[in-house]
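**Q** The residues making up each chain are set out below.
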Amino acid sequence: MVPLEEVRGMEIPENIKKRLSIPFEENFYAGHTACQGCGAALGLRYVLKAYGKKAIFTIPACCSTIIAGPWPYSAFGAPLFHTAFETTGAVISGIEAALKAKGYKVKGKDGIMVVGWAGDGGTADIGLQALSGFLERGHDALYIMYDNEAYMNTGIQRSSSTPYGAWTTNTPGGKKHFLEKRHKKKVIDIVIAHKVPYAATASIAFPEDFIRKLKKAQEIPGPSFIQLFAPCPTGWRSPTDKSIELARLAVQTAYFPLFEYENGKYKINMPNPKKEPKPIEEFLKLQGRFKYMTKEDIEVLQEWVLREWEELKKKAEVFG
Amino acid sequence: MPKKVVSGNYAAAYAAKHARVEVVAAYPITPQTSIIEKIAEFIANGEANIQYVPVESEHSAMAACIGASAAGARAFTATSAQGLALMHEMLHWASGARLPIVMVDVNRAMAPPWSVWDDQTDSLAQRDTGWMQFYAENNQEVYDGVLMAFKVAEHRKVNLPVMIIESAFILSHTYDIVDMPPQEEIDEFLPPREPLYTLTDFDNPIAVGALATPADYYEFRYKIEKAMEEARKVIKEVGKEFGERFGRDYSQMIELYKTEDAEFVFMGMGSLMGTVKEAVDLLRKEGYKVGAAKVRWFRPFPKEELYELAKNVDGIAVLDRNFSFGQEGILFNEAKGVLYNTDAKPIMKNYIVGLGGRDFTVNDIRAIAKNMKEIIEKGKLDREIEWYHLKR
Amino acid sequence: MAESPFKADIERVEKELTEKMTPGAIAYIPGSSVINKTGSWRVFKPEFNKDKCIRCFLCYTYCPEPAIYLDEENYPVFDYDYCKGCGICANECPTKAITMVREVK
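Chains as they are written, first to last, in this note's numbering: chain A, 5 to 324; chain B, 3 to 394; chain C, 2 to 106.
Think of the hints as simulated: they come from the structure by calculation, not from any bench. Beta carbons: idealized from backbone N, C-alpha and C, even for Gly. Do not rely on the hints blindly, as some may be mistaken.
[To be verified] Computed spacing ranges between beta-carbons, pair by pair:
hint : chain 1 : residue 1 : chain 2 : residue 2 : range
1    : C       : E73       : A       : G324      : 42 to 48 Å
2    : B       : W389      : A       : H181      : 53 to 59 Å
3    : B       : E196      : A       : L310      : 40 to 46 Å
4    : A       : K113      : C       : T100      : 43 to 49 Å
5    : A       : A197      : B       : L213      : 33 to 39 Å
6    : B       : D189      : A       : E266      : 24 to 30 Å
7    : B       : W116      : A       : E315      : 42 to 48 Å
8    : C       : K97       : B       : D218      : 44 to 50 Å
9    : A       : K279      : C       : T100      : 26 to 32 Å
[What the hints assert, rightly or not] No more than 30 Å apart at the CA atoms, straight line, and that leaves these computed lysine-lysine pairs for DSSO-like:
hint : chain 1 : residue 1 : chain 2 : residue 2
10   : A       : K104      : B       : K40
11   : A       : K278      : C       : K97
12   : B       : K279      : A       : K109
13   : B       : K159      : B       : K238
14   : B       : K159      : B       : K291
15   : A       : K58       : C       : K38
16   : C       : K46       : A       : K295
17   : C       : K38       : A       : K289
18   : A       : K220      : A       : K190
19   : A       : K279      : C       : K38
20   : C       : K97       : A       : K57
21   : A       : K104      : A       : K185
22   : A       : K189      : A       : K282
23   : A       : K289      : C       : K97
24   : B       : K228      : B       : K279
25   : B       : K225      : B       : K279
26   : B       : K279      : B       : K305
27   : A       : K106      : B       : K40
28   : B       : K375      : A       : K104
29   : B       : K291      : A       : K106
30   : B       : K313      : B       : K238
31   : C       : K97       : A       : K282
Use the sequences and the hints to build the structure in full.
**A** Here it is, written out as structure tokens:
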């Protein structure tokens, strides 16, 4: 086994450190077993960059269980506890309670970050109860939902976070044109209903924004939540090189707008705030999972996207 | 030694406080609730420094205890019946991750139909989860059991969770005198936990519970079994030490009562064994040569003690306040299995008693004694399993 | 009581494995995934044209492995031991300094 110090990428040339907009230190190691172009793996890399070693991770059943490495291997440079599918919220609550009982500083500058990293199924569906409990009790921890819009680890089944019109293995497209007929569940709105101190959406295409939000989640006491948009080429039937482009288009079409909710106030963090959203087709056409959608289906989705976007803008206007 | 008149549940709460638990995550359920109420009261009065997590379900109670224990804390919870069943998945997780969590389960019947009364099926259904199980006969044993449980669970060769089991209402809500040693003596008996691993060593970060392929999984299971085997020794050592320090010896995994010259014995677990001991005294006056064998630890199962007992008696009446549908009483099933490959072949009969909290009295035991005596004289079972209370 | 016919085997297994197997399936070596050379998965390989590179770091920033490092002059270095060939770097490169070519093995 290669000792930690011999793992490549640990030395930091000063000239590079100055120019980079994200931390240079790598705490997520190559050799992990994510698919080519995996958005979740890139997300993990950013989180581990942001928090360095002083974070305790909890990962439930999801692709990241595999990505983090089968025993005795680990792609993490920080402590990691694997847990059951529906328990992320509860386990991070327990870890936080233990740290406090032991007198550790949790959250804040130099404090230990307690991070739950769960997929959309593990958050929006089976883990929703534990998430709600964690948020409501006010633990000093961060819950990150990496959203790839289906149960990818079990082989691409729909979750409540799967969008209207998407093909999955249990909402296939067929001769009778059976599609996913339900719109994406707005988990972030459920989170905000708990009146948490900090909640935000983020995207792997905007790492500076994501890392800024991770830092904010560390500074603000109480429970924080980040919903990270993380494309999955395998499940989305998209080319592996398009993961970043798709994540960017999801933001540009306002399908997945970037915003923050901080102590009761909404703030939209779009790259070009004045720009009108691009048509949703631009996001859909790069992905095989939407190929069964008719023109009418696309209109239905487009209408939903714009309506949700208007709602968010109103919230930012009224509660900004 | 300080004495308090407390319910079984309060005995459990005092024991958790005296064991200096650091994290309690629990969810209310009858008849467990007064345990966590009492703990909350200790915290509110500033009598205990405990992080209390009022979780939103029993599943999360166990999950939060798992997180806390993995982060190095001494974690405690309590539950009952439906709550224990909901925890089931995480019970496996606690033992698989080798976390010495201690939980009190107040034995309560499973629904439907709804019942809140005593029945051992809830805890016995968790037989294969890798938890040790201790059945308390009285409130004193609930208290002592919790203190010993932490010491056994946290032993460096064990690192497995323990369930301390008490009867619904018969113990949980019934007041009795409980001896509670001074805190400093308990602290000597039970020093702070030294974890097998901790998530807080940031210079040497670990990953716990990752995927194990078929090439490795098997050995991890074997390690749990080895720890259970070690626990048999540790339980006896800790039980002996407890006796030396506090005057109540728990070095026997099966407590034997007047078995030396017994023709046959009653075997069972939990509070009903108090009644059985009472009955044994009376029956002996009536000319029966009987004794009682109280199985304290169901996991790890006291195989050798059972063999030693079975060698020297003609019959064992196994009293099960539980049932495994499609088979028989669970203790009976286990005991028969243990003796199969030995030369001890007493006549064994299974009496299913007291399900859902039905009274089980001295008179019932007398009737069973009469039946057992006849069977032993004939040398032949009338039937193997008897649903004793059945309304015919 | 009867003795397991596998007792000798169990003892042998125990002896050989106590050193290696950690109770609770604990991975003690952080970053140990690096012994897994995922470069073997690659079908297309990124080829780098230094002349076109403006050192914007986007390829480095967006690599999910990470299999792109930066040299002393701030140019990207492609780590073919781990690069799975997803092509994100080529797709994101603003000057087309990276092109994906079929791997010849």
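**Q** Hey, A/K106 versus B/K40, does the alpha-carbon distance stay inside 30 Å?
**A** holds, 22 Å
**Q** For the pair we were handed, A/K104 and B/K40, check the Cα-Cα distance against 30 Å.
**A** holds, 21 Å
**Q** Starting from A/K104, check that the Cα of A/K185 is at most 30 Å away, please.
**A** violated, 45 Å
**Q** Would the hint linking A/K58 and C/K38 be met if the CA-CA limit is 30 Å?
**A** The hint holds at about 27 Å.
**Q** Quick one, are C/K97 and A/K282 close enough, alpha carbons at most 30 Å?
**A** holds, 24 Å
**Q** Given the hint that A/K189 pairs with A/K282, does the C-alpha gap stay at or below 30 Å?
**A** OK: A/K189 and A/K282 at ~22 Å, within 30 Å.
**Q** If you draw a straight line from the CA of A/K220 to the CA of A/K190, is it 30 Å or shorter?
**A** holds, 22 Å
**Q** If you draw a straight line from the CA of B/K279 to the CA of A/K109, is it 30 Å or shorter?
**A** violated, 53 Å
**Q** If I claimed the Cβ atoms of B/W116 and A/E315 lie 42 to 48 Å apart, would that claim hold in this structure?
**A** Since B/W116 and A/E315 have Cβ atoms about 44 Å apart, the given range 42 to 48 Å holds.
**Q** Could you grab the alpha-carbon distance between C/K46 and A/K295 and see if it respects the 30 Å cut-off?
**A** holds, 29 Å
**Q** Would the pair B/K291 and A/K106 pass a check requiring their Cα atoms to be no farther apart than 30 Å?
**A** violated, 56 Å
**Q** Quick one: are B/D189 and A/E266 within 24 to 30 Å, going by C-beta?
**A** With Cβ atoms ~45 Å apart, the hint is violated.
The structure is inconsistent with the numbered hints 3, 6, 12, 14, 17, 19, 20, 21, 24, 25, 28, 29, although it conforms to all the rest.
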